[in-house]
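4 protein chains.
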Amino acid sequence: MFNGIDLDKLKEECGIIGIYAPGIENISQLAYFGLHALQHRGQESAGIAANKSGEIHYYKEMGLVQEVFSDKVIERLQGDIAIGHVRYSTTGESYVTNAQPLVVHHKGGAIALAHNGNLVNAGEIREKLEDDGVIFQTSIDSEVIANMIARNHKMEIEEAIKNTLKELRGSYALVITCKDKLIGVRDPQGLRPLCLGRIDGGYVLASESCAFHVIGAEFIRDVSHGEMIIIENNKIKSIKYDKDSKKSLCSFEFVYFARPDSTIDGQSVYVARRNAGKILAKEHPVDADLVIAVPDSGTVAAIGYAQASKIPFGEGLIKNRYVGRTFIQPDQRMRERSVKLKLNVLKENIKGKRLVMVDDSIVRGTTSKQIVDMLKQAGAKEVHVRVCSPPVKYSCYFGIDTPTRKNLVGAVYSVEEIREMIGADSLGYLSIEGLVKSINMEGCSLCTACFSGDYPIEVPKQGSNYLFEKR
Amino acid sequence: MFNGIDLDKLKEECGIIGIYAPGIENISQLAYFGLHALQHRGQESAGIAANKSGEIHYYKEMGLVQEVFSDKVIERLQGDIAIGHVRYSTTGESYVTNAQPLVVHHKGGAIALAHNGNLVNAGEIREKLEDDGVIFQTSIDSEVIANMIARNHKMEIEEAIKNTLKELRGSYALVITCKDKLIGVRDPQGLRPLCLGRIDGGYVLASESCAFHVIGAEFIRDVSHGEMIIIENNKIKSIKYDKDSKKSLCSFEFVYFARPDSTIDGQSVYVARRNAGKILAKEHPVDADLVIAVPDSGTVAAIGYAQASKIPFGEGLIKNRYVGRTFIQPDQRMRERSVKLKLNVLKENIKGKRLVMVDDSIVRGTTSKQIVDMLKQAGAKEVHVRVCSPPVKYSCYFGIDTPTRKNLVGAVYSVEEIREMIGADSLGYLSIEGLVKSINMEGCSLCTACFSGDYPIEVPKQGSNYLFEKR
Amino acid sequence: MFNGIDLDKLKEECGIIGIYAPGIENISQLAYFGLHALQHRGQESAGIAANKSGEIHYYKEMGLVQEVFSDKVIERLQGDIAIGHVRYSTTGESYVTNAQPLVVHHKGGAIALAHNGNLVNAGEIREKLEDDGVIFQTSIDSEVIANMIARNHKMEIEEAIKNTLKELRGSYALVITCKDKLIGVRDPQGLRPLCLGRIDGGYVLASESCAFHVIGAEFIRDVSHGEMIIIENNKIKSIKYDKDSKKSLCSFEFVYFARPDSTIDGQSVYVARRNAGKILAKEHPVDADLVIAVPDSGTVAAIGYAQASKIPFGEGLIKNRYVGRTFIQPDQRMRERSVKLKLNVLKENIKGKRLVMVDDSIVRGTTSKQIVDMLKQAGAKEVHVRVCSPPVKYSCYFGIDTPTRKNLVGAVYSVEEIREMIGADSLGYLSIEGLVKSINMEGCSLCTACFSGDYPIEVPKQGSNYLFEKR
Amino acid sequence: MFNGIDLDKLKEECGIIGIYAPGIENISQLAYFGLHALQHRGQESAGIAANKSGEIHYYKEMGLVQEVFSDKVIERLQGDIAIGHVRYSTTGESYVTNAQPLVVHHKGGAIALAHNGNLVNAGEIREKLEDDGVIFQTSIDSEVIANMIARNHKMEIEEAIKNTLKELRGSYALVITCKDKLIGVRDPQGLRPLCLGRIDGGYVLASESCAFHVIGAEFIRDVSHGEMIIIENNKIKSIKYDKDSKKSLCSFEFVYFARPDSTIDGQSVYVARRNAGKILAKEHPVDADLVIAVPDSGTVAAIGYAQASKIPFGEGLIKNRYVGRTFIQPDQRMRERSVKLKLNVLKENIKGKRLVMVDDSIVRGTTSKQIVDMLKQAGAKEVHVRVCSPPVKYSCYFGIDTPTRKNLVGAVYSVEEIREMIGADSLGYLSIEGLVKSINMEGCSLCTACFSGDYPIEVPKQGSNYLFEKR
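Chains as they are written, first to last, in this note's numbering: chain A, 1 to 471; chain B, 1 to 471; chain C, 1 to 471; chain D, 1 to 471.
Chain A with its partners taken away, still in its complex shape (with noise of 0.2 Å):
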């Protein structure tokens, strides 16, 4: 709560970027500042490995980009190819070993990873690979990818990476290179985003569109799912790898996760929130004075919102724009009012009249209880709080940090229960149908499973997507 920038959200996991510039002179930077655009999919770490000829030099650390590099480490990652890395979160202790890009000597060169995503079949391949005789120095599941590729380093790097995504089950999104090559992947079903662009002469692999514009790329195109982009002698080289999977990316991308000025598989995430905002309006309309927004991530939709009900939308929350890792363990008193050190009620705005609260989305309603509390003390006369996604009732096994069932308040509950729950006057969800609708991606089926239960590939029936770091 005292450490990220948004309240009662699921987390993102990662943020990657690649880019493939021999001649540019200063490519560190440019990853720096391209993570920089990035650090909304993850604060805990950030890393940069720069490739020089087949040498890998690279440098990670716990905390924010900006944080984490000075010029004088950025100066020594020079090289022809680099790539990078932001991540949010893992439990155990010894963060830095579980940064990101890993750097490993195999047979075939030094080699350099990053991934976002979550292999729901990493623990069984790890088990496999123990029972030959490997050893892990960390709970990532880069270091498994790593050891298959080695394992297979007889054949050509992309022949090896090939073989070793036939194994991997579940979502990733991948940056590599060794040697001179740069190479991207996406997974069969797309779960997580992966973008191409074009800097000078070269080229660029990215999370999130976002990141291309603050280092001056021109956005190409998405990487398809199941596609693997080869980055070479200047050229790029596309390998369909996967032609069999159905495509399923993660709806929650457009609900929170991904900057609203990224564009993903040609949808504008500004769009589709907008959207979700009006479809809102439809599904769940309610006659009142004013539709605020719960900043930043329900500003969007609000904003929809209010254009499809004609019910004006005007601010009602501030956000402290200063919030970020304290150092200050708040007492008792301080805890019970912890989301005032984020947000403060416009009084003269909300007094007396009936609000829409939009939000993105509601995980363990702490939160929202709190933020009600504070309107209707305000003098609110009536808040009607409108969630933009369906009620978060499964877990994640694709790269999201969802917090036990039992802990989400949409599994454990029903939508009149949490209404009553956080005080709101009314209470209404996006359905799924709204969700999908909103994010309008014709031909393309959406991964919808932290709302439904319906997940693209099979998982674990039971236990944890964490499944190496407690051993």
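Source of the hints: derived by calculation from the structure; they are not laboratory data.
Don't take each hint at face value.
The list cannot tell twin chains apart, which means a pair is met if one copy fits it or any two copies do.
[To be verified] As a list, the in silico DMTMM-like pairs of lysine to aspartate or glutamate whose alpha-carbon atoms are at most 25 Å apart:
1. K154 / D131
2. K179 / E127
3. K319 / E218
4. K381 / D454
5. K162 / D131
6. K166 / E130
7. K310 / E67
8. K340 / D200
9. K240 / E159
10. K353 / D265
11. K247 / E127
12. K340 / D296
13. K347 / E61
14. K393 / D296
15. K107 / E130
16. K347 / D222
17. K246 / E232
18. K162 / D80
19. K240 / E442
20. K351 / E442
21. K406 / D244
22. K282 / E232
Since the model is a prediction, treat every value here as computed from it, not as a measurement.
Got chain A sorted already, so can you dock chains B, C and D onto it with the hints?
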């Protein structure tokens, strides 16, 4: 540019807080969270001094509140009274030296002061004191004030302060603690804000009311111009030490400095900003498709503009929430697109549209040009820039860091020239009357000197507002 | 105990250096390396102030010289004159506040001071100054001195200093820089050392001559008691501002403080220590097999004892060279054997032997007991403790940190009682006469007050030597 | 030069410790203090791994033991078994990556290893493992060993280790913990030392016995060459896994690496060094007035030389005790006199005298020249350099960082040429026979390969001992 959260803005110099709460368990933790809410008023240094029966312990350091303090430090700062300070930049090298609160020993014991504002005649007084053999270890006004108080040590502390205030000319909101007292003072013109609240059994003084919310304090009233508040024995005593001066609150507090959820001298900052947007729409109407804001400071006014003009409000620029201090010196390539580190265009939303782009103020103008360029490149058909304050033409002598006049675009160029420079299709500034009307403060004249040159008190004809820095 | 390199010793308060070398490229680097050689005189804070045409930049921080300064900091400190300071501990919380050099602005411009010593009447003067309305921001004597100089700002700086010195009582070696001058002063009794050297075209002043060696300076002479040296226009002017006082150099400089490779007032510290060992052998002979030292401070005297007694010298105790600040709080188990972190016994060398164990001084006696125990447990047949200084019985008022008298084992117990407490087979202290003889300074009386109570100037009857610390 | 405490010396690569003490309260604090006593064996990184019922937590970082660990870290490292490691430099960038202990997961659970020494055939084994698809994340031998153990995971851990050891060639003292066991191994030649002690109810393994003293452990015996010690269920089991190899302890441990208060394989390091000095006096007598040492490492031998030659011992060079890491890059002027930062001459003691200057070894020779110069400039009439070891002529492949042969002055020049280069009046090295005799180890041949080129096991004909660093 790579340091703050906002671009091309005037900078407030300080925020202050004072808490009197004998018996409360952790007074410095309250001061900490209060300062945190005032962080927008100064990001360069932070300090807290805690007074325990006249003995004063303190800690101050360069950095944000959350960077400066740790649990260990806060625990050391025990007491019944605490004062705190956040400060925006000074030039000069020995930065920490100039951090506040200033804690000194004088005949009457230890005394701690925190000051927001700028004394116009500090140099004059300082010179006289130096003639008398006084030494100075800092370049801050607080040291001048402390010396003057000490010279009156034979009087009661209130008298000593009153006597001192008579000599001061300029702006000051002060919190002072000595012995068992907490004292708050606001200058005769009330140039800088200061308000009073109640917490548990005690009292709080703060630059802005938003600091009360987070610590659970209740707003009582604003301290008036020319008023001194003495809190002692759990009671409040008010002395109107100056009855003649006319109030002249800084209007820029409403334009940019203060947090929208604060209320200053009876007026909500949010409401004033929305008003400004509405009036601006009347003063500079335009035929357009969408009103967008330069986030975050332009957002409220943009909503007002949209409401008054009936042109829909939408988001056109997305801000990277993680922008803060960066340790990477961007190369030429990155510097040219520095604004991109903070802002990205929402192409989908603005493509082909005629935009009204609302900003709170223009200081140097460099950023405005970059933003207009970005919008046009992204496909905006027209960009009509509307500024919620008049052109900044004059230096502030009352605590705001204004560039030299030759760098104030409003002082050097006509509106039409500026429009051409920033590449806008039209440019409209709020009039001074419009600004005053938006703040709507009955019976109170506002200081609009930075726009009009009409200073509420006599200021030095030439020279800088930083008199000691470069000695 | 877990902080320094030596155990159970009195602590010097400071070391100072001043360099005048217009045109030299990197004067602060010279000051840095000079301070490094004076590190043994103070390990708590370090600071350097550089004077460039009257403008003074400085940096000071808690820590060892090598911890405090970086290339970046040193580069910023450009100038023609530099002064530096290392300081040993004070109590009081705001540590950095009390670090030196003290840099202030007064009517005559910027002035920097560094002080080694202690003013007996600082409290008195301070009180008078406070009566006049002066404020104090630190608890160091330098601030008192700076205020007094400032009050005489109408005179030339030399005159102002001379006038100030007339009021001071106590010990002081001072280096001061202001405008284009470097000034060095030694108190009328010459209690604290100060010497003068030549470097390239300029001059150096330092607490000890060992600082000259490392920077390639050449020793010229000691500054005399009651002498002020003004260096200006590349010339030296000497003023004997006190002609009446009798010299009384601190004898403990020879016992422990000064580095053995320094020469003070014409006497080699090494030679004096060896003499002390020789005289000790005459005063307290004993039939034994081996002379060992408590390293490092007892080594020279042990060699002298061995030479005079014809008992062979050998090593019996080995010191861990890496002992420094430790961040681990040892538990009870470790605390009891704390001395073991620093010293280990060379069993092979001492087993079955009758030992003479030479130490330079005993303050609290706790460590001596632990060492004697260790030696006996390792098989020493007898341990005869010989101390190269008389019992420390009185507090120092001249710049040495002495424990309160009740903690001075020599003040409370008889020699025989101490012998029993530390478990030695015999115990012999050097006599005061022996000490004076060992230093062998013709025509100069030494201060032996901590042994004899015979203070060279009047001291406060009661109370502490730290007058301001606890206000 | 600006990094360590000693000058121009060969560097040991590591020190290790292992503690088995179920039920003891703070096992990692013991490991901490033990490592602190082994600090002289490696100053670049430090690490501790604590094993609690098979679960292993660890912490390792660049820096001295006292810099790396804090109370907070030590508290986290709870367990019944702990191993620790200090490491001297490697080249290569990702320093922390190469710190030890190495902690990995294999089929048999978590396993932690700490290694002192160097495997001659690590490259060969590694290549074979890479052929099998193994990846490497570090360039340390421990990772090779861990992989080999993991491949034998179907055996009991002792068997797996035994099987692994069969493949290793080179030097290794190893401590390993896995499940509820602490295992110590010494290589078949016993090149690197390892000894066993008892602590409370448990056991300790350490590179040197000096680590026992500080934690209150009692020396039991040295681990023999080719012996594996398994500690489990509070019992010790010994396996002689190699019965054929001849012992060949590194003689340089006695010359320089080990602390004088350690005992290795039955011989006191102090006694061996004194013997060396005595023999040196016989081998290279000279008519002189004073024997001085290059402190600290030459001191013991100098005392021995003095005793045998009847020339008095005295101090001629004083060492600055505060030399450590410095962050200041000295300019040309300072670099030329870099040795002066560490050593100063005691003029009074050596003026006009014919000196015997005893040093433990000469590697590059640059420092010796500076010291001889300093002594002559200070007035020494003659300087006769005596070195307590033979000329270093050959690279070490067993864990010592030797410069390339062209930088070994002893490999390139004759004794007479070296004498001339360093400006000594005479130069005498201890003979190999003299060295062996001084160590006086019955029935044990010593490794003197760096002097004689006579390697106890086959070494690579060409190439470096750092096989992986530069891949």
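Exercise for the section: Enumerate the violated hints, using their earlier numbering and listing them in ascending order. Expected result: 4, 7, 11, 13, 17, 21 and 22
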